[in-house]
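> From first to last, the protein sequence lines stand for chains A, P and H.
To convert, note that position 125 of the first sequence is 125 in the numbering used here; the numbers rise steadily by one, no gaps.
To convert, note that position 323 of the second sequence is 1323 in the numbering used here; the numbers rise steadily by one, no gaps.
To convert, note that position 49 of the third sequence is 2049 in the numbering used here; the numbers rise steadily by one, no gaps.
Certain hints may be false.
[What the hints assert, rightly or not] Subject to a maximum C-alpha distance of 27 angstroms in a straight line, what follows is the list of computed DSS-like cross-link-like pairs (lysine-lysine):
hint	chain 1	residue 1	chain 2	residue 2
1	P	Lys1059	A	Lys286
2	A	Lys271	A	Lys319
3	A	Lys348	P	Lys1330
4	P	Lys1127	A	Lys428
5	P	Lys1279	H	Lys2006
6	A	Lys283	P	Lys1132
7	P	Lys1279	P	Lys1127
[Unchecked claim] Okay, the calculated bits of chain P under chain A, using three or more residues with CB under 8 angstroms as the criterion:
hint	stretch
8	1147-1158
9	1167-1177
10	1217-1230
In short, the hints are calculated from the structure, not lab data.
Idealized CB from N, CA, C, for every residue including glycine.
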Amino acid sequence: MNLQPFYQQVEQDVLGAMRKPSLWYWIALVLSAGAFAFGLFAWGYQIFTGMGVAGISHPVGWGVYITNFVFWVGIAHSGTLISAVLFLFRARFRSAFNRIAEAMTVIAVMTAGLYPLIHLGRVWRFYYLLPYPNQRILWVNFRSPLIWDVFAVSTYLTISLIFFYVGMIPDLAAARRHFTGIRQWVYKVLSLGWEGTLNQWRHYNRLYIFLAAFATPLVVSVHSVVSWDFAMSIVPGWHSTIFAPYFVAGAIFSGTAMVITLTVPMRKILKIEKYITVDHYEKLSKVLLVTALIVSFSYIVEMALAAYSGNIFESTVFKYRMVGHYKFFFWLMMFCNVLLPLSLFVKKLRRNIKFLFVLSLFVNVGMWLERFNIIVTSLAKEYNPYSWGTYTPTLAEVGITIGSFGMFFTFFLIFTKMLPVLSISEIKEQGK
Amino acid sequence: MKTRTQYLFVAVIALLVLGVDLLLSPKMDSSVLIALLSWSAIGQGVIAMSAAADLSQGKWIAAIRPYLQQYYPWLLLFPLVFLVFSRHVAVYNWSHHPNGWLNPSFFIIRNTIALLLPFILAHVYVKASQNKSQRTGLFAVLYIFSFLVSQSFMAYDQVMTFEYPWINTLFGGYFFVEGLYGGIAFCAILAGILLGKKGKSFQSAYRDFTIMIMGFALLWAGLFYSQYLVIWYGNIPEEVSYLYKRMAVPSLKYMGAYVLATVFFIPFFALVSRKIKSKPLAVGFLSLLIFSGLLVERMIFIFPVAPHNPPAQIIQFLLLALPFLYLLFKQSRQSQENP
Amino acid sequence: MSSSEKTYEFHAKEDFLEKLEELVESGIDKKNLSTLTPFHVHEVEHILETKPSALRFFTLVGALSGFFLSFVFIIFTVLDWPLITGGKPLISIPAFIIVSFECTILFGGIVSMIGFLHLSRLPDIKKIVNPRECGNQFIIIQEQVGGDK
């Protein structure tokens, strides 16, 4: 069967999306770049004036910055799940999302990686975190979860970048045929002279499988390491064995919601609706439902066991979350993460793209609030009543948060115009 | 075997377990519990694999699904065995000073229901699946949910309460994953037998189950490590005593090493080799190692905190293994009849 | 590329595979046959009976070296600057496993990537400047033996 017209159509559609941007694109780009610039300005202000412009103090030493860190790492994990884990499970629907998911992973990890730096008082001393021989005759503390974080997040960024780039080489080779001038040169260099010979495809195929096999344990381990930032402490509400799988499920939950948030407008703007269909979204919504149920189960278990154990500290923190200073955020979080996703049991709603888009926005908010809830309420109500206190994010912190969203969307928008957003060779391979 | 005959055998085995318990076990004894914990996880896991097959509609597992569904009547055995155990409720410390949640009668009622629920939902699900009903997916989900609830109750209520007020929030999820893992290991043995007797149609199921064993071995190791690391690192006295009791005694320490070896290290690294993956006999042996590891792990949970009786324990363990042996043996018999 | 080279171009994958099987059956040495395709066609590997890719050795070496080197490094640092933190023993294996696990994956991934580039002979400067574009055609290249190199 001669599929040449189909192959050419795929190339035209996907590479055509990389041509002249529409008005909507420019509006989106200006808004996100503006937010990004605002964030950079806020960060600069913080560096020059000092950490006091942030609201973090005693007793809540970790606030919105760490919330954002965990949030962005979580978003990244779903990308790897879709591109690596679903590849190993041979789930065909993944090819509609995997390039976007990989780009999302890389950009989200970069955004997340900024936060430990933002959080440092003296950002220019960030290299203290790295184990290198120095004149202070010091080494880093490998027994600390914060150092495990350094290794986990750097490994994750490196492997995700390699996975993202390697997956794109054949598509960049296709792109070099369709552009001219400087863009053509860039694609020529980036595709490394790829031809599609038998040997190249054999080794490429093996590499892709091995990278997928490496990325899969990364999905679980990196967010487990991030969760252990909290679980390794003895703070009530943090010291809990369920944190690792609970955070991983939550990461996939929020990341899948972000994939929906990104792709629903994107497919309209770039006119690739026929490659990302309702069936694809229904499969994604099932992932959303399962992870929502795991997260809900974790909430129930934690609260039930805190009450069961009779431990005054644990039960105080959980009561505080429900009725204390932050109760509005707690109940909003419950609504967004536990109640709303139950609607996905209804098939009609799973297949309604507009509904999924709105739901994904609520889930993003709910998952951000979950991290805020865990971090801030536990620190606000620790063991010693004399040091109980509250925390309110300041304008600098809010600005940097907005800036991180701006950074994410700016880089993502640039990606959609510079690089192929769908995996051309995989779609060709799947046929009609 | 017809379903009615299976129920008859369920009653017979339950009575035998009761008989052994009355004859061999003193008033305070946990042997029945250890056997129940081991096999209920695996048994419920087998039906869960069938439910997963219906939900994912994967072609690779479709061939083996009817064989797995034959197992469901045996799930009734577990609530019955729990009722046999219920006469030993005094083995829990809290039974002597009960409170609102931890009191013997409520404990027995809720755990019996928790073990009955998977049986009822398995029945509904299997009937729907066999009739190819539209609601099969819904019942499959409900069954898996009941499996999770049942294993959570076994973990939090039946095992964790021995150590009251110690809590381990991951315990329920851990037992659930062990159940799935045991179910997959059983499916690998079954697929291997069916591959030998019925041929190529089970090739993809067999191969995929061996890969899943590797994946679940890694997942299990990750969950085990999550619990160990958090408790070890926090070093909180009331928490770490749980680990300490089980690591300071040499016999329990060696049992722990055995569990790690047989549930993770040996299956995972052996199955890296393509040669071993392709030999059903080797994979079957690895699955049996996994079952033994899961059993020994249950012993590690219970031994330091409750008395046990080795002869009763061994006999009851073997009695509860009978349904599984029958399911495997029956396949061989059936295929020998139709060459 | 040598001039003694015959190419067969096809629009459809099935015709391409048919011709390839024909060429193999007609007795042409499999080593002289190679293909250019727009995506990976698994059947070609079966027909030409190619050896499994050597990439797995790179991956294994990378992963194992990452695992052991990281442990060696961590234990060296901890003995070089022996500071007891949090009451944990100096050489606390449970804590070190995490960093080793990440380094296993890091080294495994990077060395695999290097292996892939080496085995595929990429980047190829000549081909970057002047790539051989086969479009979406499936091409069989038959090297003619018995002539010049």
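> Starting from the hint list further up, note which numbers the structure goes against and sort them upward.
Hints 2, 3, 4, 5 and 7 are the ones this structure does not satisfy, whereas the remaining hints hold.
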